[in-house]
Amino acid sequence: EPEVTQTPSHQVTQMGQEVILRCVPISNHLYFYWYRQILGQKVEFLVSFYNNEISEKSEIFDDQFSVERPDGSNFTLKIRSTKLEDSAMYFCASSEANRGYTFGSGTRLTVV
Amino acid sequence: KQEVTQIPAALSVPEGENLVLNCSFTDSAIYNLQWFRQDPGKGLTSLLLIQSSQREQTSGRLNASLDKSSGRSTLYIAASQPGDSATYLCAVKGGGSNYKLTFGKGTLLTVNP
Numbered sequence: 001e002p003e004v005t006q007t008p009s010h011q012v013t014q015m016g017q018e019v020i021l022r023c024v025p026i027s028n029h030l031y032f033y034w035y036r037q038i039l040g041q042k043v044e045f046l047v048s049f050y051n052n053e054i055s056e057k058s059e060i061f062d063d064q065f066s067v068e069r070p071d072g073s074n075f076t077l078k079i080r081s082t083k084l085e086d087s088a089m090y091f092c093a094s095s096e097a098n099r100g101y102t103f104g105s106g107t108r109l110t111v112v
Numbered sequence: 001k002q003e004v005t006q007i008p009a010a011l012s013v014p015e016g017e018n019l020v021l022n023c024s025f026t027d028s029a030i031y032n033l034q035w036f037r038q039d040p041g042k043g044l045t046s047l048l049l050i051q052s053s054q055r056e057q058t059s060g061r062l063n064a065s066l067d068k069s070s071g072r073s074t075l076y077i078a079a080s081q082p083g084d085s086a087t088y089l090c091a092v093k094g095g096g097s098n099y100k101l102t103f104g105k106g107t108l109l110t111v112n113p
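Heads up: the sequence lines are chains A and B, in that order.
Taking our numbering, the leading residue of the first sequence gets 1, the next gets one more, and so forth.
Taking our numbering, the leading residue of the second sequence gets 1, the next gets one more, and so forth.
Just chain B, same shape as in the assembly (with noise of 0.2 angstroms):
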């Protein structure tokens, strides 16, 4: 059964600084690595996809690396800044016939002005 982890549960930092957001999962049989942003009460947004053959994508100010074999995947974030502040979700999606996403329980940003 997979599992993943997200470390740390929650992080403060000032605005400017750059910051990592670490995802690990127990079954390196992915078909890729999905990273959202949630908004409190609100949706789901997509952030990042990595397909099981990449090792990273990037948009903007966000960088995801993933490392199947290791089971490890890291969302870097540049130059945070006050409109960064949510949680931030890591998801697998698993291999085989399984489509599904299991999701980590996130990561609580606080990015202070």
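Chain A with its partners taken away, still in its complex shape (with noise of 0.2 angstroms):
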């Protein structure tokens, strides 16, 4: 069955660092998501990308935070400057329209 694949599973940086996670999303999708999730909190939405753009991001996905996709397969999250409160662990998914999302392993960030 198709994966999304993540690099790396888990990384440690320290505060102020920038960091990039990557994601290759299934080849035939053409939709792209980062998702993440504070320790015991809720998995929460942060973009969507479509067609080489943002179609939709939260609050949270401020000007710290950028998409990119370098190549027709990979999908990277960088943060930027990155703060105590960013640790999380930070999933890519992909979907087609309308049809179920398919999510990474996640990548577990701990900032210190």
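Hints are computed from structural coordinates only; laboratory data are not their basis.
We put the beta carbon where it would ideally sit given N, CA and C, even for glycine.
A hint or two may mislead.
To be verified - Only pairs whose alpha carbons sit at most 20 angstroms apart, straight line, appear in this in silico DMTMM-like list of lysine to aspartate or glutamate:
1) Lys42/B with Asp86/A
2) Lys78/A with Glu68/A
3) Lys42/A with Glu85/A
4) Lys42/A with Asp39/B
5) Lys105/B with Glu44/A
6) Lys57/A with Asp86/A
7) Lys78/A with Glu18/A
8) Lys57/A with Glu3/B
9) Lys57/A with Glu85/A
10) Lys42/B with Glu1/A
11) Lys42/B with Glu68/A
12) Lys1/B with Glu85/A
13) Lys1/B with Glu59/A
14) Lys83/A with Glu44/A
Claimed, not checked - Residues on chain B that point at chain A, a partial pick, calculated with CB under 8 angstroms:
15) Gln34
16) Arg37
17) Leu44
18) Leu49
19) Tyr99
Join the two chains, each given in its own frame, into one complex according to the hints.
This is how it looks when you write it as structure tokens:
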């Protein structure tokens, strides 16, 4: 069964540093997403991406965050100047229009 | 703004019992509803997807129902097993141009041998 692949599985970074989280969505999917889950809290939406541009973003997704599809297979989330409160599990997902989402196994980001 | 609530927050049952997990949502203009399973510290595994025009979906021992007009869904697990122990998440995909998923906080299920 096709999978969404995320790397790395765990990243530790110093406060103030920039991190890039990487995802390879399912190849025939057109919609891509980033979600995050702070420990003990709900999974929350960050951003959706379609046709090489952001289609929707949450209030969490401020100027500190950016997404990119640098080539035909990768989808990245960049977090600039990380803060302690950015520590969370970050999930990438992809879907076809009006179909179910497939999530990756996540990247656990720890900011120290 | 869509809100999703899951009841109960936690449930502990003996092996073999049938059980029902509940999900409610505030805005009935949804495209679909998806149930996920999450093991501790792990990713989200899709269990069942119900489109807004459907009433239920079944996969093995799992059956999910959807009553869109009342904003409710249930996940029925038959003959529960210890391996079913996990957190079960309900998520709705909003209507209109909104394609994002809104999640509930989940039900932590423990099945005791």
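Status of each hint after checking the structure:
1. A C-alpha spacing of about 18 angstroms is found between lysine 42/B and aspartate 86/A, which places the hinted pair at or below 20 angstroms, so the restraint holds.
2. Straight-line distance between C-alpha atoms of lysine 78/A and glutamate 68/A comes to about 8 angstroms, which keeps the hinted pair within the 20 angstroms bound.
3. Taking the CA atoms of lysine 42/A and glutamate 85/A, the gap is about 15 angstroms. The hint holds against a cut of 20 angstroms.
4. In summary, the hint linking lysine 42/A to aspartate 39/B is supported, as the alpha carbons are separated by about 14 angstroms, within the 20 angstroms threshold.
5. Note on lysine 105/B and glutamate 44/A: the hinted pairing holds, with a Cα-Cα distance of about 10 angstroms set against a maximum of 20 angstroms.
6. Proximity of lysine 57/A to aspartate 86/A is assessed by CA-CA distance (about 17 angstroms); at most 20 angstroms being required, the pair is judged to hold.
7. Only pairs whose Cα atoms come within 20 angstroms are accepted, and lysine 78/A paired with glutamate 18/A is accepted, the gap being roughly 7 angstroms.
8. A C-alpha spacing of about 17 angstroms is found between lysine 57/A and glutamate 3/B, which places the hinted pair at or below 20 angstroms, so the restraint holds.
9. Only pairs whose Cα atoms come within 20 angstroms are accepted, and lysine 57/A paired with glutamate 85/A is accepted, the gap being roughly 19 angstroms.
10. At most 20 angstroms may separate the alpha-carbon atoms for a hinted pair to count; lysine 42/B and glutamate 1/A meet this at roughly 18 angstroms.
11. Taking the CA atoms of lysine 42/B and glutamate 68/A, the gap is near 25 angstroms; set against the 20 angstroms cutoff, the hint is violated.
12. The straight-line distance between the Cα atoms of lysine 1/B and glutamate 85/A is roughly 24 angstroms, outside the 20 angstroms bound, and the hint therefore fails.
13. Proximity of lysine 1/B to glutamate 59/A is assessed by CA-CA distance (about 13 angstroms); at most 20 angstroms being required, the pair is judged to hold.
14. For the proposed pair lysine 83/A and glutamate 44/A, the alpha carbon gap of about 18 angstroms is at most 20 angstroms, so the pair holds.
15. A distance limit of 8 angstroms between C-beta atoms decides the matter here; for glutamine 34/B the minimum to chain A is near 5 angstroms, and the interface restraint holds.
16. This hint is violated: arginine 37/B has a C-beta 11 angstroms from the nearest C-beta of chain A, more than the 8 angstroms allowed.
17. Annotation: leucine 44/B was flagged as interfacial toward chain A, and the flag holds, the nearest CB pair being 4 angstroms apart, inside 8 angstroms.
18. Using the Cβ-Cβ criterion of 8 angstroms, the hint placing leucine 49/B at the interface with chain A is satisfied: the shortest such distance is roughly 4 angstroms.
19. The closest approach between the C-beta of tyrosine 99/B and any C-beta of chain A is roughly 6 angstroms, which is under the 8 angstroms cut-off, so the hint is satisfied.
Consistency note: the structure conflicts with the earlier hints numbered 11, 12, 16.
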